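One letter stands for each residue in the lines below.
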Amino acid sequence: MSTVWVRVSVVVTVALAALVVAPPVAGFERAGDRKILVFAGRQEVPTLDPSVKYDWSIRMMQQALYDALVKYVGNPPEIVPWLAERWESSPDARTWTFRLVRTARFHTGEPVTAEAVRWSFARTLRLNAGPAWMLSDVLNEDGIRVLDDHTIQFTLTRPYAPFLSFVPWWYVMNPKQVLVQEQGGDLGQKWLTDHEAGSGPFRIKRWEQGVLYEIEAVDGYWKGWPSKDHVGGVILKIVREAAAQRAALLRAEADIVEGLSADDFDQVAKMPGVAVPNYPGMTTFGIKMNTQKGPTKDPNLRKALAYAFDYEALIKIYNGNAVLQTSPFPNATRGHVTVPGFPRQDVARAKEFLAKSASRQGGIELEYVYVQGLEEERKLGLVLIDNLARLGLKVRMVPLTWPNMVARGAKVDTSPDMMAVFTTPVSTDPDAVAYQYHKNSWGKYYGSSFYANDDVWALIERARTIARWEERTPLYAEIQKKIAADAPEIFGMLANRRWGMRDYVKGFVFSPVRFTGEVDLYPLAIATK
Amino acid sequence: MLFGLLCVTFAISHVVPGDPARLAAGPDANDAMVRTIRVKYGLDQPLPVQFGRYVMGILSGDLGESLRSRNAVRDDLVRFFPNTFELVALSLGLAVVLGIPLGMLSAVHKDTWVDHLARVVSVSGVALPAFWLGLMLQLLIALHLGVLPLGGRLPLTATPPEPVTHLMLVDALLRGQWGTLAQALRHALLPVVTLCFPALASIMRVNRAEMIETLQADYIRSARAQGFSGFRIVTRYALRNAMIPTLTMIGLRYGWMLGGSVLVETVFDWPGIGLYAVNAAVSSDFQPIMGVTLLLGTNFMLANLLVDLAYGWLDPRIRRPSTA
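Protein chains in written order, with our numbering: chain D, 1 to 529; chain G, 1 to 324.
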């Protein structure tokens, strides 16, 4: 071999070696003297606009960038003062007055005023998107009045007790900052997709759509920081593959991961340096049954299915990290009661109900629709096949993509006999769950039972207009019992919420009212040794 | 052809069940909110009107807006396509650079250990799913050995170069950011190897088969008789003829890799067009789906055009006008 070739080979080898030498694995990222927390999540943040959309990843970032009048904190969730230092409601729950703190500042340095609050609420109502549905039936723009710079009053079109429970999700934007970015009367929608105009504890540093989203802590945040070790910034990195998420956590390239399977969480929990917080959540899993069409129209058949189902299998699928529902309402919902005689597997009883139904001869086939690719729902379908075979009933499993499943459940004629649905209520007020059984929820994915009961509907409508909690409580107890008695679904379980975290991440505060995967980033800290 | 592709994609996007307006409005949205979105995006119009508007938009360079993100599809494609293009170009380049010589070697040393080894590589490349291979490489090389990153295009806190071409490696070169270039190459290594492997196998197999056939041709035997060196015969006379089917395979592979990069992109968090398309498809977000289809279709056609032109360069008989 010539000398030239030897030299070339050496240079190439050194270059390749330099290329593959890995930097030492750091415990967490740093940017200057700031400690950066890396959150490996599977879901993108397609928009940040607080008036346009929310889901767990969007809301996690909105909560970090914006403030609301009040905030949900802790377990059980409590509504605590935030931009509003105090508030009062009229005895009929129609007028709500909030007094703002005087120290709150937007990231531009301008004060957060009552006018900014009015504009933000009016904007959401006008765009009629995102969280608008929560209040648009009871609040219009004329009902929002600025009493002075730091006092705002909402006069609802009718008494509405759950009003306060939705306010934490209505974030306050800086109108001056947004309106200069308005394009063609869009109220700043285009700009707010990947910019912010908030007063929250973080501001945007980098926004690479679909790749990563970086926010940095606001020095001198008006509310202060709960810990001197608070994170200096957060990178939400989109990692779509569970194996890659797990590997990133184990290599400390990610400090928090969400969305792993039950088995993966159990596995990473055993690894040194990793903690797995494990809390009962508010997300219910149920098998909705079409109560108006097909064989499941018959309440006796529905009850037979409810008693035939092996509820313990639900817990096993989640490796014990779930609790069974004891009412149509999640346990963390205010006014939850344990409904006596709530269905558990009892094959003899199931056969009794089947004998009373029109399908007493058996031999029918029921359709079970679930989300394609969701392993837990597929396993539950197999459990159903086994359980219902004892009643002589067949189950046809139909995996569908989420959009197709929503489309099927939107109409009574197409809604399947059985549909596997996870539902997370947006507030802790019982109305948020009860209203899923109201006729106005027909067409939504959680209304795919097309449940109809005039008594229940009347109770729901009445309960939401009563201001005093003591008077509402018995009504919700009644609602829970009546819904359970009608068996519009096989009420399943509440899966625990889990995250994988490096053990140097401190300050995590769980609140079940947050969506699956969602973490309040504000109290998080990184403990340095 | 592109118009036909557009018609078919539009029809498929609109006949599948699912209400894009309801999905865009969110799970809790009431009917009024869904109606607002339907009107805003013209989804309340008859399909021919929607199609007409879409085609007019394309003619003026407007590919519509994503219902999911409200971003302009054109901006999204500019952001994501260069990443996929870089991944595919590097993978295909590597596959060609390795696949053709290996195919040649295998053919020249037919039925020897060299041939057997090359065939094991080629069979493995065809048999191993890219998704599985990617995960294995990631677990072994990135997680256990820790010598390469798990995924992404750059370290988390690194700042990408200011875009010139939107191709990160090229931009890093043009900006003279050598550190960024090295980091980007380190991050590209595992996804490139993963995506390259099946293409390498196909190219090698085709090249080997063609070379074996060509090496038995009369003109090769004549060349040997005239005393040309074996190296010259293989590289200058045999390879040129064997390259035409190989080139066809390269052209086809380019199209397959563009469309099929999604699995590798998923494993390595590579922000490419495949992931973008899949996310759009599962959300019934049809404007991005059509934008991606149009872009990939155009690319596929261009690639085939280049392959056709290359035929003429390789074989003078093809570029000479027929005298018949």
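Don't take each hint at face value.
Derived DSSO-like pairs: lysine-lysine, alpha-carbon spacing no greater than 30 Å straight-line [to be verified]: (1) D:K190 x G:K40; (2) D:K356 x D:K293; (3) D:K394 x D:K411; (4) G:K40 x D:K439; (5) D:K297 x D:K482; (6) G:K40 x D:K176; (7) D:K379 x D:K270; (8) D:K379 x D:K394; (9) D:K394 x D:K293; (10) D:K379 x D:K411; (11) G:K40 x D:K411; (12) D:K411 x D:K293.
None of these hints come from the bench; they were simulated from the model.
Treat the numbers as computed from the prediction; the structure is a model and nothing was measured.
Output the numbers, in ascending order, of every earlier hint that fails for this structure. Every hint satisfied by this model.
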